[in-house]
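Here the protein sequences line up with chains A and B, keeping their order. Just so we're aligned, residue 818 is where the first sequence starts under my numbering, counting upward by one. Just so we're aligned, residue 626 is where the second sequence starts under my numbering, counting upward by one.
Source of the hints: derived by calculation from the structure; they are not laboratory data. Don't take each hint at face value.
To be verified - Distance ranges between label pairs, derived from CB positions:
| no. | chain 1 | residue 1 | chain 2 | residue 2 | range |
| --- | --- | --- | --- | --- | --- |
| 1 | B | Pro-721 | A | Met-828 | 30 to 36 Å |
| 2 | A | Ser-829 | B | Ser-712 | 37 to 43 Å |
| 3 | A | Leu-864 | B | Leu-736 | 23 to 29 Å |
| 4 | A | Ala-888 | B | Gln-642 | 48 to 54 Å |
| 5 | A | Thr-929 | B | Ser-687 | 14 to 20 Å |
| 6 | A | Gln-819 | B | Gln-675 | 17 to 23 Å |
What the hints assert, rightly or not - Not the full set, but computed from the structure, chain B residues with beta-carbon under 7 Å of chain A:
| no. | residue |
| --- | --- |
| 7 | Phe-670 |
| 8 | Gly-710 |
| 9 | Ala-713 |
Because the structure is a prediction, the values reported are computed rather than measured. The beta carbon of each residue, even a glycine, is placed where N, CA and C say it ideally should be.
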Amino acid sequence: AQTVTQSQPEMSVQEAETVTLSCTYDTSESDYYLFWYKQPPSRQMILVIRQEAYKQQNATENRFSVNFQKAAKSFSLKISDSQLGDAAMYFCAYRSAQEQAGTALIFGKGTTLSVSS
Amino acid sequence: DTGVSQDPRHKITKRGQNVTFRCDPISEHNRLYWYRQTLGQGPEFLTYFQNEAQLEKSRLLSDRFSAERPKGSFSTLEIQRTEQGDSAMYLCASSPGPQETQYFGPGTRLLVL
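Chain A on its own, in the form it takes in the complex (with noise of 0.2 Å):
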């Protein structure tokens, strides 16, 4: 079975700087997507960030980029110049690519990110 281990539960950062959430991954699959999921406060989880385990390019999404070492089975997110709306719960998932496993998403227990000014 897949897993998804975030090791830092609280991670801070001062505005405009740049900080890295981890997450590594455990998998027998080749073919599968990574997710860095948003949940702030009381409020919906939104997609930041989404990468496809057959592509060797990093994701990025404005401020936000990953760093995929598929060898390692790890997937990190950096969010630069950080901001006061940037505070949240953050989720690393995996989902399988193959139709036959399921397309539910498996989380991690999730990194607390609070940003101070």
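Following the hints, position chain B against chain A.
Below, chain B alone, put in the same frame as chain A:
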């Protein structure tokens, strides 16, 4: 596109009562998922639908839980004989297809006293 909506947003019930939650997915999204999230944890998969067909159920979904999506549009999740351990946030997500991104609703927070 109004996003995924869930109703109610909060529910307080007494142990042993039945509760039902509703999820309205994004229009024309064929896939609908239910997840459960307890405090300090990531969401855990419960079940999902392709149109009106329930294709997969997690072992977390005990026989007290039932989900339906009768016309392939909205879905309901019912918990019978609630227990204190059922207290959690119940999240609904939808996607246009199996390999597409899942979009989440705001969740229904259940508290069982």
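Right, here's what the structure says about each hint:
1. B:Pro-721 to A:Met-828: 30 to 36 Å: 33 Å, holds
2. A:Ser-829 to B:Ser-712: 37 to 43 Å: Between A:Ser-829 and B:Ser-712, where Cβ atoms are some 29 Å apart, the hint is violated.
3. A:Leu-864 to B:Leu-736: 23 to 29 Å: Between A:Leu-864 and B:Leu-736, where Cβ atoms are some 28 Å apart, the hint holds.
4. A:Ala-888 to B:Gln-642: 48 to 54 Å: 51 Å, holds
5. A:Thr-929 to B:Ser-687: 14 to 20 Å: Once the Cβ atoms are compared, 30 Å apart, the range 14 to 20 Å for B:Ser-687 and A:Thr-929 is violated.
6. A:Gln-819 to B:Gln-675: 17 to 23 Å: 21 Å, holds
7. Phe-670: 4 Å, holds
8. Gly-710: 18 Å, violated
9. Ala-713: 14 Å, violated
The structure does not agree with the numbered hints 2, 5, 8 and 9 stated previously, though it agrees with the rest.
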